[in-house]
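**Q** Single-letter residue listing:
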Amino acid sequence: MARIEQEKPAFTLVEVADDPSMDAMLLAPPLEPAKRRKGDIFRPGNGPMVQFQGVIKKYDGEHRGLDGVSVAINTGEFVFLVGPSGSGKSTFIRLCIRELRPTSGNVIIGGRDLGELRRSKVPYLRRAIGCVFQDFRLLPDRTAAENVAYALQVTGHSRQEVRRSVPAILSLVGLEGKEDRLPREMSGGEQQRVSIARALVNQPRLLIADEPTGNLDPETSLGIMDLLLRINRTGTTVLVATHDQHTVDRMQMRVIRLDDGRIVRDAEGGYNEDPGDTGEIA
Amino acid sequence: MRIGMFFREALRSIRANAAISVAATVTALIAVFILGAFIPSFMYVRSAVDAQKAKVDVDVYISDNASIAQVNALKGRLDVLKTDGTIAGFTYVSKDDALRLMRERLRDPSVLDELPSNPLPAKFNVQPAEAENANAVVAAIKDDPALDPTEGIVYPQTTADRLLTAAKFVQWAGFALIGILLIAAILLIGNTIRLSIFARRREVEVMRLVGATNWFIRWPFMIEGVICGLVGAVVAVAMLWGIKVGVVDAWASGADTALTKSGSAATTIGFPLLTLVLVGAGAFLGALGSGITLRRFLRI
Numbered sequence: 000m001a002r003i004e005q006e007k008p009a010f011t012l013v014e015v016a017d018d019p020s021m022d023a024m025l026l027a028p029p030l031e032p033a034k035r036r037k038g039d040i041f042r043p044g045n046g047p048m049v050q051f052q053g054v055i056k057k058y059d060g061e062h063r064g065l066d067g068v069s070v071a072i073n074t075g076e077f078v079f080l081v082g083p084s085g086s087g088k089s090t091f092i093r094l095c096i097r098e099l100r101p102t103s104g105n106v107i108i109g110g111r112d113l114g115e116l117r118r119s120k121v122p123y124l125r126r127a128i129g130c131v132f133q134d135f136r137l138l139p140d141r142t143a144a145e146n147v148a149y150a151l152q153v154t155g156h157s158r159q160e161v162r163r164s165v166p167a168i169l170s171l172v173g174l175e176g177k178e179d180r181l182p183r184e185m186s187g188g189e190q191q192r193v194s195i196a197r198a199l200v201n202q203p204r205l206l207i208a209d210e211p212t213g214n215l216d217p218e219t220s221l222g223i224m225d226l227l228l229r230i231n232r233t234g235t236t237v238l239v240a241t242h243d244q245h246t247v248d249r250m251q252m253r254v255i256r257l258d259d260g261r262i263v264r265d266a267e268g269g270y271n272e273d274p275g276d277t278g279e280i281a
Numbered sequence: 000m001r002i003g004m005f006f007r008e009a010l011r012s013i014r015a016n017a018a019i020s021v022a023a024t025v026t027a028l029i030a031v032f033i034l035g036a037f038i039p040s041f042m043y044v045r046s047a048v049d050a051q052k053a054k055v056d057v058d059v060y061i062s063d064n065a066s067i068a069q070v071n072a073l074k075g076r077l078d079v080l081k082t083d084g085t086i087a088g089f090t091y092v093s094k095d096d097a098l099r100l101m102r103e104r105l106r107d108p109s110v111l112d113e114l115p116s117n118p119l120p121a122k123f124n125v126q127p128a129e130a131e132n133a134n135a136v137v138a139a140i141k142d143d144p145a146l147d148p149t150e151g152i153v154y155p156q157t158t159a160d161r162l163l164t165a166a167k168f169v170q171w172a173g174f175a176l177i178g179i180l181l182i183a184a185i186l187l188i189g190n191t192i193r194l195s196i197f198a199r200r201r202e203v204e205v206m207r208l209v210g211a212t213n214w215f216i217r218w219p220f221m222i223e224g225v226i227c228g229l230v231g232a233v234v235a236v237a238m239l240w241g242i243k244v245g246v247v248d249a250w251a252s253g254a255d256t257a258l259t260k261s262g263s264a265a266t267t268i269g270f271p272l273l274t275l276v277l278v279g280a281g282a283f284l285g286a287l288g289s290g291i292t293l294r295r296f297l298r299i
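Sequence order for the protein chains is A and B.
Numbered according to numbering that gives the first Met the number 0, the first sequence spans residues 0 to 281.
Numbered according to numbering that gives the first Met the number 0, the second sequence spans residues 0 to 299.
Because the hints were derived from the structure by calculation, they are not lab data.
Beta carbons are placed, not taken as given, at the ideal position from N, Cα and C, and that holds for glycine.
It is possible that some hints are incorrect.
Unchecked claim - Covered stretches of chain A (in silico footprint by chain B; criterion: 3 or more residues with CB under 8 Å from a CB of chain B, positions within the stretch not fixed): (1) 133–140; (2) 143–154; (3) 221–228.
Stated by the list, open to error - Which residues of chain B face chain A? A partial, calculated answer using Cβ under 8 Å: (4) 15; (5) 203; (6) 205; (7) 209; (8) 211; (9) 215.
Unchecked claim - Far from chain B, by Cβ distances over 12 Å, these chain A residues were calculated: (10) 47; (11) 73; (12) 98; (13) 110; (14) 115; (15) 127; (16) 129; (17) 170; (18) 198; (19) 201; (20) 203; (21) 213; (22) 251; (23) 253.
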């Protein structure tokens, strides 16, 4: 079973070319690689982009979020974080953007120990990380273009820069001509593209997606995953939490599997490898 | 550039949340209106009480049998009181003056023509420097031989005491009421803005998610609060102006002669100054209300 999966060609753009909105993406210019910018909160160096050291996160009472997680994700990797609901995927993601703080252990992002990050610096951390969520989290009374523009305004870009960058990034995610649509006037896939455009517009070096395809049909999901893959090819580290087995199996990337707050598997391949595989962690 | 953007953001959110913006504006209007009606009333009452305090006169009646020397001796004692500052001044009212004043005051002065002789005694009208000094004046001259045996010294002792108590009460009650009004207004506006922010909690979450600093989120909300406060204050001032011109001024001009006769020197705050105070209060209430309310939504 595992063999067959691996013999299949890795996920390619051609597979989703029949999705009409993908045509635009294929024609779109390649993404510019992320650069180190002024005010960048990440420390330079070749260390891992994401590093968890014995991270335990306990919520009130008995319910456990993470139970001793140690893992490193290197710069430029594309990693799936999988596991059943309640396994700790969302806790992992929320620790990365410091929406939560660990009960014990260290979370180190871009060389910065988040435990030592001052509260006033948290907005700068979030600017350096692009975030995409299952429920899109768009501002409801703003158009696609305004939603993307907001992320630029936050980082102090001028109006001219906003006017120049926003249409370019929207056409990159296949949304040209839909700049003035409100979120409620767009399909789920289109809304997720807006949220990816917003995550990308500040050229983050780490892109985190929490169930980005959870509300989308399989066809649209492939389009979104392809977009994330393209972003990864520009050097951006991409971390995707998902329980979408189909997509994970197709892409054959590194998969970190969580169960009950522990990492039970960390290997390249599909969602469910047979026990006894090389990647199994006892 | 950034200020302009914050203003655009504030105006956008006022438009997008029209119902709540109207509610906040009306709340500010009511608060400022009550404040605007209360401040001049309070200042008028205070000034009226002060004016009455100044009018606590002591009438020292002179016996018809007193000799000129005795009257001069009494005048000498009053001069001493004036020199040491107990009294502000005194005037002599002769028997003829007293009759003339009486004649002016009566509706039908002809009754006085029936009198065989002038029954009114002469008097010194003494103005104490402070209303509190009236008792000291009485104590200083109550044994004077020139005093009229029946009338003696007449002054409104209970009135003076009550006025002093009333003045203190008006002052403290006024300050307390203004304080309570301000707190109530801040809480009211804060609550309305909380409603607005609660409706947009998700929006604030998203803003934080894309890395907006707390002040970047806060500024548009505070500008929004100030705009609502200002608009409410301006409408309240317009309403107060209408009431002042249409009701208070009309009533005052009708009652003008009566007020002048009673010699009331009571004044109150001028309208331009009141406008300035109220508009400032509106902006302050709006900014403070939204600033305080946002705090709990911006904890990271």
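**Q** If a hint holds in the structure, say so; if it doesn't, say that too.
**A** Hints and how they fare:
{"no.": "1", "hint": "133–140", "verdict": "holds (count 5)"}
{"no.": "2", "hint": "143–154", "verdict": "holds (count 5)"}
{"no.": "3", "hint": "221–228", "verdict": "violated (count 0)"}
{"no.": "4", "hint": "15", "verdict": "holds (4 Å)"}
{"no.": "5", "hint": "203", "verdict": "violated (10 Å)"}
{"no.": "6", "hint": "205", "verdict": "holds (5 Å)"}
{"no.": "7", "hint": "209", "verdict": "holds (4 Å)"}
{"no.": "8", "hint": "211", "verdict": "holds (4 Å)"}
{"no.": "9", "hint": "215", "verdict": "holds (6 Å)"}
{"no.": "10", "hint": "47", "verdict": "holds (22 Å)"}
{"no.": "11", "hint": "73", "verdict": "holds (24 Å)"}
{"no.": "12", "hint": "98", "verdict": "violated (8 Å)"}
{"no.": "13", "hint": "110", "verdict": "holds (18 Å)"}
{"no.": "14", "hint": "115", "verdict": "holds (15 Å)"}
{"no.": "15", "hint": "127", "verdict": "violated (8 Å)"}
{"no.": "16", "hint": "129", "verdict": "violated (9 Å)"}
{"no.": "17", "hint": "170", "verdict": "holds (21 Å)"}
{"no.": "18", "hint": "198", "verdict": "violated (8 Å)"}
{"no.": "19", "hint": "201", "verdict": "violated (8 Å)"}
{"no.": "20", "hint": "203", "verdict": "violated (10 Å)"}
{"no.": "21", "hint": "213", "verdict": "holds (17 Å)"}
{"no.": "22", "hint": "251", "verdict": "holds (31 Å)"}
{"no.": "23", "hint": "253", "verdict": "holds (26 Å)"}
Comparing the model with each earlier hint shows violations of hints 3, 5, 12, 15, 16, 18, 19 and 20; every other hint is respected.
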